[in-house]
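Start from chain A and add chain B according to the hints.
2 protein chains.
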Amino acid sequence: MTEQARELAREKIRQAKNVLKEKNVELWLTFVRESSAMRDPALEMLAGFDSTWISAFLVPAEGESRAIIGSLEVPAAEDADTFERIVGYEKSIRAPFLDYLKERDPKTIAINYSLDANLADGLTHGMYLKLMELLEGTPYAERLVSSEEIVATLRGRKSDEELRRIKKAIEITEGLFDEVEGFIEPGKTEREIAAFLHKRVDDMGLETAWGRSGCPAVFTGPDTAGAHAEPTDRRVERGHILNMDFGVKFEGYCSDMQRTWYVLEEGETEAPPEVERGFQTLLESIERAFAAVKPGAQGCEVDDAARNFLIANNYPEYPHGLGHQVGRVAHDGGAGLFPRWERYGALPFIPLEERQVFTIEPRLPVEKRGTVTMEEMIVITADGAEYLSHPQKALRYIR
Amino acid sequence: MTEQARELAREKIRQAKNVLKEKNVELWLTFVRESSAMRDPALEMLAGFDSTWISAFLVPAEGESRAIIGSLEVPAAEDADTFERIVGYEKSIRAPFLDYLKERDPKTIAINYSLDANLADGLTHGMYLKLMELLEGTPYAERLVSSEEIVATLRGRKSDEELRRIKKAIEITEGLFDEVEGFIEPGKTEREIAAFLHKRVDDMGLETAWGRSGCPAVFTGPDTAGAHAEPTDRRVERGHILNMDFGVKFEGYCSDMQRTWYVLEEGETEAPPEVERGFQTLLESIERAFAAVKPGAQGCEVDDAARNFLIANNYPEYPHGLGHQVGRVAHDGGAGLFPRWERYGALPFIPLEERQVFTIEPRLPVEKRGTVTMEEMIVITADGAEYLSHPQKALRYIR
Numbered sequence: 001m002t003e004q005a006r007e008l009a010r011e012k013i014r015q016a017k018n019v020l021k022e023k024n025v026e027l028w029l030t031f032v033r034e035s036s037a038m039r040d041p042a043l044e045m046l047a048g049f050d051s052t053w054i055s056a057f058l059v060p061a062e063g064e065s066r067a068i069i070g071s072l073e074v075p076a077a078e079d080a081d082t083f084e085r086i087v088g089y090e091k092s093i094r095a096p097f098l099d100y101l102k103e104r105d106p107k108t109i110a111i112n113y114s115l116d117a118n119l120a121d122g123l124t125h126g127m128y129l130k131l132m133e134l135l136e137g138t139p140y141a142e143r144l145v146s147s148e149e150i151v152a153t154l155r156g157r158k159s160d161e162e163l164r165r166i167k168k169a170i171e172i173t174e175g176l177f178d179e180v181e182g183f184i185e186p187g188k189t190e191r192e193i194a195a196f197l198h199k200r201v202d203d204m205g206l207e208t209a210w211g212r213s214g215c216p217a218v219f220t221g222p223d224t225a226g227a228h229a230e231p232t233d234r235r236v237e238r239g240h241i242l243n244m245d246f247g248v249k250f251e252g253y254c255s256d257m258q259r260t261w262y263v264l265e266e267g268e269t270e271a272p273p274e275v276e277r278g279f280q281t282l283l284e285s286i287e288r289a290f291a292a293v294k295p296g297a298q299g300c301e302v303d304d305a306a307r308n309f310l311i312a313n314n315y316p317e318y319p320h321g322l323g324h325q326v327g328r329v330a331h332d333g334g335a336g337l338f339p340r341w342e343r344y345g346a347l348p349f350i351p352l353e354e355r356q357v358f359t360i361e362p363r364l365p366v367e368k369r370g371t372v373t374m375e376e377m378i379v380i381t382a383d384g385a386e387y388l389s390h391p392q393k394a395l396r397y398i399r
Numbered sequence: 001m002t003e004q005a006r007e008l009a010r011e012k013i014r015q016a017k018n019v020l021k022e023k024n025v026e027l028w029l030t031f032v033r034e035s036s037a038m039r040d041p042a043l044e045m046l047a048g049f050d051s052t053w054i055s056a057f058l059v060p061a062e063g064e065s066r067a068i069i070g071s072l073e074v075p076a077a078e079d080a081d082t083f084e085r086i087v088g089y090e091k092s093i094r095a096p097f098l099d100y101l102k103e104r105d106p107k108t109i110a111i112n113y114s115l116d117a118n119l120a121d122g123l124t125h126g127m128y129l130k131l132m133e134l135l136e137g138t139p140y141a142e143r144l145v146s147s148e149e150i151v152a153t154l155r156g157r158k159s160d161e162e163l164r165r166i167k168k169a170i171e172i173t174e175g176l177f178d179e180v181e182g183f184i185e186p187g188k189t190e191r192e193i194a195a196f197l198h199k200r201v202d203d204m205g206l207e208t209a210w211g212r213s214g215c216p217a218v219f220t221g222p223d224t225a226g227a228h229a230e231p232t233d234r235r236v237e238r239g240h241i242l243n244m245d246f247g248v249k250f251e252g253y254c255s256d257m258q259r260t261w262y263v264l265e266e267g268e269t270e271a272p273p274e275v276e277r278g279f280q281t282l283l284e285s286i287e288r289a290f291a292a293v294k295p296g297a298q299g300c301e302v303d304d305a306a307r308n309f310l311i312a313n314n315y316p317e318y319p320h321g322l323g324h325q326v327g328r329v330a331h332d333g334g335a336g337l338f339p340r341w342e343r344y345g346a347l348p349f350i351p352l353e354e355r356q357v358f359t360i361e362p363r364l365p366v367e368k369r370g371t372v373t374m375e376e377m378i379v380i381t382a383d384g385a386e387y388l389s390h391p392q393k394a395l396r397y398i399r
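Top line first, the protein sequences correspond to chains A and B.
Using my numbering, the first residue of the first sequence is number 1, and each one after it goes up by one.
Using my numbering, the first residue of the second sequence is number 1, and each one after it goes up by one.
Hints may be right or wrong, so weigh each one.
In this list, chains with the same sequence are indistinguishable; a pair is considered to hold if it fits within one copy or across any two.
Stated by the list, open to error - Straight-line alpha carbon distances no greater than 16 Å define the calculated EDC-like cross-link-like pairs of lysine to aspartate or glutamate that follow:
#1 K393 <-> E174
#2 K91 <-> E342
#3 K91 <-> E317
#4 K294 <-> D304
#5 K368 <-> D105
#6 K130 <-> E342
#7 K393 <-> D304
#8 K91 <-> E11
#9 K199 <-> E181
#10 K199 <-> E78
I should point out that these hints are in silico values taken from the structure, not numbers from a laboratory.
From a predicted model like this one, the values you see are computed outputs, not experimental measurements.
Isolated chain A, as found in the complex (with noise of 0.2 Å):
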């Protein structure tokens, strides 16, 4: 662990101790076991250390934060010395952890699930179980509470340090789809693009921004396998649609974007006519999302303002969210720009909060040429929002 990476950890468990007071809870309790083959989210941004036992990471609102781990993990937990106070045990967690929760008595205690959240939903059920088993008998059991906000919060609001590495992931990302550019010509392969940017993000020693073999996602052509697909042996070819969905993680923080090129015909010298409306409708809907951004709204009122634009205009509903949070992953969680779908259960509907950064990243299809989809990089900001990325502002061409 760099001592930057600590450094942020400790600045993340102060910012919780004011969000706790500020949304009048006590104590945050993340309850975890064996993180390395599943790891709450929460425990990578707090913690820096992985447990194999039952362990609890405590932060009160007022006071020391306290690790209670297996013995055997305690001196890497001292290395990473983010946690003010580590406890270790060998046998059972439940007399130290009783004994903190009695020595504090707290009213109202945070634990790490949520419905909908799913980076703020890091415990186990069988763990949830463990837990209820080690309160029985107590009044504890009575005063838990979700800590969706408050990981959410932690996780949205972004500090200048965090925007300042999510601004040069988006920086890279950028220039490796120049670099990629020039790189990509007619009979090429979506699998060789890939492997262009692999090669670049690994000479870079960055990572992808989410797991490899989708990143880049590479699609060319109107038959193309949908989102979310690895890129196939298709070649590119002439007077077709090509987009790529890509990001990159620097220094723990993730850019996710997505550029649109038209491949032109021998002897064109710009895209047909369907094409290009498909571009400036996308671009003007995407404007239109941006429009409606700033710390109150709803994500779904966000969403509806590309989504009703797309289909005034005669293009289909793209099958998913407008736009989600980025930051320590992609995909990060919280409020959402999400429509009113079951799926997205209440996250459409969280208000929006300044220093939270999301995409906005509608699609459409254009009939046997492929699909238009640009996918932009902002900040909330005290009234409005600000682009992070350039915004793609005219189709990009491929001779």
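Here is chain B on its own, set in the frame of chain A:
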């Protein structure tokens, strides 16, 4: 996903149907979302692809397996070709999921949570609540049981192909222990020794069996940080014991082994008597544990055999379990060779089964010298066990 990985997943689905019949369970449901952030370990074994949206992976005792997933991820799932039927949805999983249940009307449904076996505990508490919401007003909420036994059986009972991969991982690890022995000398730091092994692992295009920062773990001398810590700048010194915990992942399957060296003083030709006595005592504790392993025995009985022998010889108890299963992860789930400590829940009492792979890894301290640890790997046979590793029978020396 390679064709070999696909074939292994299909084999596991076939095996699962038999295990379901054996355990008298009609349907196994693995219920997940955003598995790239927190992946139910069963998913890697069965599906071989991630799912972003709420997804239901259904394996019935009779009939075809079905994955109900977000529509955008259908192409990737079809490409993986592990589940017999793939159903995509757009706005909500509710209808296709409940329709499936109604159609089959299963009497028992095993779902992916477990109190004690973390690798069978992939259902988050938020997703459990989501599932309860979906099942409200149906008879199915009353029919849920834990899939712990199914998952533990599937992960535990190794096929010939799985054993082949584990053996290969062990063979590579043993080779690397030999190689690194030539590199270790007084003055080298733990970190340098770890870097040597990392380079060799990279050269071979492999991964370490667990988190790279602690694999290998390298401990030299008496004041080592303890297990589960990262290598430090501590230097190898004459008269000290050095031990190492290391493993690699070969085609998705792990090794997990420990070896002990003594660093000879100038003029010494063998270790001092207290080091040799420690080594011999530890060796005998392993042999006694090995002799206690057979199908039907309980892990705690095997742990007793080693632990009581060390205590009888006036060494302290090792502060952890004697051994754990190994497979797709280094710490694999289910029954363990664990003591009857609360921390281990019910795991020490589950009867052992043929074809399970375990480590045996006691430890003991030698004052002013360091820690003696060996970790061997065994597979359970019809009437006992066989070593998969070549057990360390003598102290290894650094000259």
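Hint check results:
1. K393 <-> E174: The answer is within: 14 Å in one copy meets 16 Å, while 58 Å across copies does not.
2. K91 <-> E342: between (44 Å within a copy, 6 Å between copies)
3. K91 <-> E317: Close across copies (12 Å), not inside one copy (56 Å); limit 16 Å.
4. K294 <-> D304: within (14 Å within a copy, 63 Å between copies)
5. K368 <-> D105: neither (65 Å within a copy, 44 Å between copies)
6. K130 <-> E342: between (30 Å within a copy, 11 Å between copies)
7. K393 <-> D304: neither (21 Å within a copy, 70 Å between copies)
8. K91 <-> E11: neither (32 Å within a copy, 38 Å between copies)
9. K199 <-> E181: Within one copy, since 15 Å is at most 16 Å while 34 Å is not.
10. K199 <-> E78: Answer is neither; intra-copy 37 Å and inter-copy 27 Å both fail.
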